[in-house]
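Peer 1: For this one, chain A is given, so just place chain X on it according to the hints.
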Amino acid sequence: MKTTLDGYEEALIELGKKRDDIIVLSTTKTAKQFAEAHPDRFIKLGMSEQNILGMATGLALEGKTPFASTCTGLGKNWNQLRTICHDSLSVKIADAHETASEDIALARLLPNITVIIPADYHEAKKAVIAAGIMKGPVYIRLAKEKKHVTSEKTSFTIGRVEIMRAGKDCTVVASGGIIHDALQAAEKLAKQEIECTVLDCHTIQPIDKHALISSARITGCMVTAEEHSPKGGLGSAVAEVLSQNSPIPLRMVNGASDAVNRIIRAVKDSVMQRCESVCTEIPEEHGRKLYPELQPELYFRLHGGDIIKSIPGLQKALLNMNEETFSHHCNDHKNDFSSWVRDVFREPVLSRQLEKTRTRLGMALALARWMT
Amino acid sequence: MKQDLFQIAKNIRKDSIKILAQKKSGNTAGNLSSADIFTALYFTAIKHPRQGQHDRVFVSAHLEATWHATLAHAGHFSKKELLQPSRELPKATQPGHGLSIALGSALAAAMDLKTHHTYCIMSDAEHHHGQVWESLMHAGKHKLSNLTLIIDRNNTQADGYIEDIAPLEPLRAKYEAFNWQVIEVDGHNLQHITEALAEAKTMTTKPTAIIAHTTPGKGVSFIENNYEWHAKTPTKEEEQEALTELQ
Numbered sequence: 001m002k003t004t005l006d007g008y009e010e011a012l013i014e015l016g017k018k019r020d021d022i023i024v025l026s027t028t029k030t031a032k033q034f035a036e037a038h039p040d041r042f043i044k045l046g047m048s049e050q051n052i053l054g055m056a057t058g059l060a061l062e063g064k065t066p067f068a069s070t071c072t073g074l075g076k077n078w079n080q081l082r083t084i085c086h087d088s089l090s091v092k093i094a095d096a097h098e099t100a101s102e103d104i105a106l107a108r109l110l111p112n113i114t115v116i117i118p119a120d121y122h123e124a125k126k127a128v129i130a131a132g133i134m135k136g137p138v139y140i141r142l143a144k145e146k147k148h149v150t151s152e153k154t155s156f157t158i159g160r161v162e163i164m165r166a167g168k169d170c171t172v173v174a175s176g177g178i179i180h181d182a183l184q185a186a187e188k189l190a191k192q193e194i195e196c197t198v199l200d201c202h203t204i205q206p207i208d209k210h211a212l213i214s215s216a217r218i219t220g221c222m223v224t225a226e227e228h229s230p231k232g233g234l235g236s237a238v239a240e241v242l243s244q245n246s247p248i249p250l251r252m253v254n255g256a257s258d259a260v261n262r263i264i265r266a267v268k269d270s271v272m273q274r275c276e277s278v279c280t281e282i283p284e285e286h287g288r289k290l291y292p293e294l295q296p297e298l299y300f301r302l303h304g305g306d307i308i309k310s311i312p313g314l315q316k317a318l319l320n321m322n323e324e325t326f327s328h329h330c331n332d333h334k335n336d337f338s339s340w341v342r343d344v345f346r347e348p349v350l351s352r353q354l355e356k357t358r359t360r361l362g363m364a365l366a367l368a369r370w371m372t
Numbered sequence: 373m374k375q376d377l378f379q380i381a382k383n384i385r386k387d388s389i390k391i392l393a394q395k396k397s398g399n400t401a402g403n404l405s406s407a408d409i410f411t412a413l414y415f416t417a418i419k420h421p422r423q424g425q426h427d428r429v430f431v432s433a434h435l436e437a438t439w440h441a442t443l444a445h446a447g448h449f450s451k452k453e454l455l456q457p458s459r460e461l462p463k464a465t466q467p468g469h470g471l472s473i474a475l476g477s478a479l480a481a482a483m484d485l486k487t488h489h490t491y492c493i494m495s496d497a498e499h500h501h502g503q504v505w506e507s508l509m510h511a512g513k514h515k516l517s518n519l520t521l522i523i524d525r526n527n528t529q530a531d532g533y534i535e536d537i538a539p540l541e542p543l544r545a546k547y548e549a550f551n552w553q554v555i556e557v558d559g560h561n562l563q564h565i566t567e568a569l570a571e572a573k574t575m576t577t578k579p580t581a582i583i584a585h586t587t588p589g590k591g592v593s594f595i596e597n598n599y600e601w602h603a604k605t606p607t608k609e610e611e612q613e614a615l616t617e618l619q
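Taken in sequence, the protein lines are chains A and X.
Heads up: the first sequence begins at 1 in this note's numbering, then just goes up one per residue.
Heads up: the second sequence begins at 373 in this note's numbering, then just goes up one per residue.
Extracted from the complex, chain A is given alone in its bound form (with noise of 0.2 angstroms):
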């Protein structure tokens, strides 16, 4: 299988077939390929990570378009990128660094950077093509991807996020190889009734605003998976475009291992967030006002003894109960809720909803839904 490493590789050679100001400096083993084909434009520079980007800003003053291939997250030249940055000098850094965790952040935070995560060798190959056509400085990071997610026939455009998935209960936004653990924790979800919309957010700077927050005002939730630390990565970056524009539950997967079964933790926690939120929101009087006030002989009484008086009530109390009262109620013989609300509010499009879930929070998040 190609690997982001690939992509680089035959995008700079592409590159450099057209382009004679692309120079590939490295302190790396990358960039062999370039190195054959155009020795004169390539420059080996041992360990030296901090005179490589010095001498890309030389290059880079002169007119030149250069590459540099590092492998230090930027632990060890920071210093000189922020140089780069301020003047906003084409300089492109590809690193291939394999457990950075702090690289997203300390180029983000960064004037006039892109920075760019791409999720595997198509991707890779795009986003280098892009960062050599696009003036200013660039930060890929070549990240180890597991799966090709994309192909070569799939859209790119710096600062466009991808839809690799649409549904309607929740976003996951992700960006690098984890991609392929979101997409799969998506398909254990569906079958669980959650339809999560999964986005492909290669570009962490700029970040897509108008995607994300379109697609949290149709989930109202929203989870970020990333191979980095939440703290100034993607998390950070969605959090602060969410919190100003639309605020709505978010939580956090690093890239970790198991993966897959913390996104779908963290989407459920994030959409039974969401619920509570709504049920906090719409207090059961403004059920009352939908449906008339109810005789008591119609109250729903659970198994333990509480008492349901509404729709907002019902969701309340699907969000507290505990699983044996629910399974008392919903179990392969029958569904108390959905009968309740199929005869006593003669909902029968809600009803049919509760009857297809048959979870406590696809329930919530069907009542949820239909309350907003």
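Honestly, the hints are just simulated from the structure, not real lab data.
Be aware that one or more of the hints could be misleading.
[As the list claims (entries may be wrong)] Listed next, the in silico DSBU-like pairs over lysine-lysine satisfying Cα-Cα at most 30 angstroms (straight line):
#1 X:Lys486 <-> A:Lys32
#2 A:Lys32 <-> X:Lys513
#3 A:Lys135 <-> X:Lys573
#4 A:Lys135 <-> X:Lys486
#5 X:Lys382 <-> X:Lys604
#6 A:Lys44 <-> X:Lys390
#7 A:Lys17 <-> X:Lys486
#8 A:Lys29 <-> X:Lys573
#9 X:Lys515 <-> A:Lys17
#10 X:Lys578 <-> A:Lys76
#11 A:Lys76 <-> X:Lys515
#12 X:Lys515 <-> A:Lys18
#13 X:Lys513 <-> A:Lys76
#14 A:Lys29 <-> X:Lys515
#15 X:Lys546 <-> A:Lys76
#16 A:Lys2 <-> A:Lys135
#17 X:Lys419 <-> X:Lys390
#18 A:Lys32 <-> X:Lys578
#19 A:Lys17 <-> X:Lys513
#20 A:Lys44 <-> X:Lys486
#21 A:Lys44 <-> X:Lys382
#22 X:Lys386 <-> A:Lys18
#23 X:Lys463 <-> A:Lys76
#24 X:Lys546 <-> A:Lys44
#25 A:Lys147 <-> A:Lys231
#26 X:Lys513 <-> A:Lys18
#27 X:Lys419 <-> A:Lys44
#28 A:Lys168 <-> A:Lys268
[To be verified] Interface residues of chain X toward chain A, partial, derived using beta-carbon atoms under 10 angstroms:
#29 Thr465
#30 Gln466
#31 Gly468
#32 Leu475
#33 Gly476
#34 Leu479
#35 Thr487
#36 Thr490
#37 His499
#38 Gly502
#39 Gln503
#40 Met509
Just so it is clear, CB atoms sit at the ideal spot from N, CA and C, and this is done for glycine as well.
Peer 2: What follows is chain X alone, placed relative to chain A:
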């Protein structure tokens, strides 16, 4: 000619003192010690500073006041800009970064077979930045004869004398070992600096380092040879006193 240069250097020192007193931040000792280097460079070595093939100069931020004063005296912008800038003046490089950037620039010139020369001026204390040694190594490897580094060797830094803190000597031998040509000069003898700059241009196989031995705070008696003036700027009274002395 020689007399003229001497007067220019004096005027540059005066403007440098004025800039430092106004900015209230900067390296007074280093700016005064490098004034003769800048004078010789801009008034003898750099020939056509305004044309497309102009020589490139990268200056460390420590020496920005004297650099700007020199640029104004050499006619790059009006002297009024020094104290009341109406536009952004050329930016100096961060300490320790300059040689790397000059190296990239010189390499680009070599690739494109351009004939201009690239200069880098830095203070000796910058050798304490690791990046300087990284760039020294690679400049030597690429045999960039279009690159000249001028070191203001005044032996001071903010909290003491360099040779006491982290000695650089034998500096000449270090540069030679990195495959550089080295010329040592008295950094206050304009004739010697001029000759060294001319010699550097004739070199064809190696980059050149001119080690200019200077006196910190040169020209103003109460600043000379006192490392405390490295990271200190003159007060109003001190400014007047210095300017009178430089008359």
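Peer 1: Report the numbers of all earlier hints that the structure fails to satisfy, in ascending order.
Peer 2: 3, 6, 8, 21, 22, 27, 35, 37
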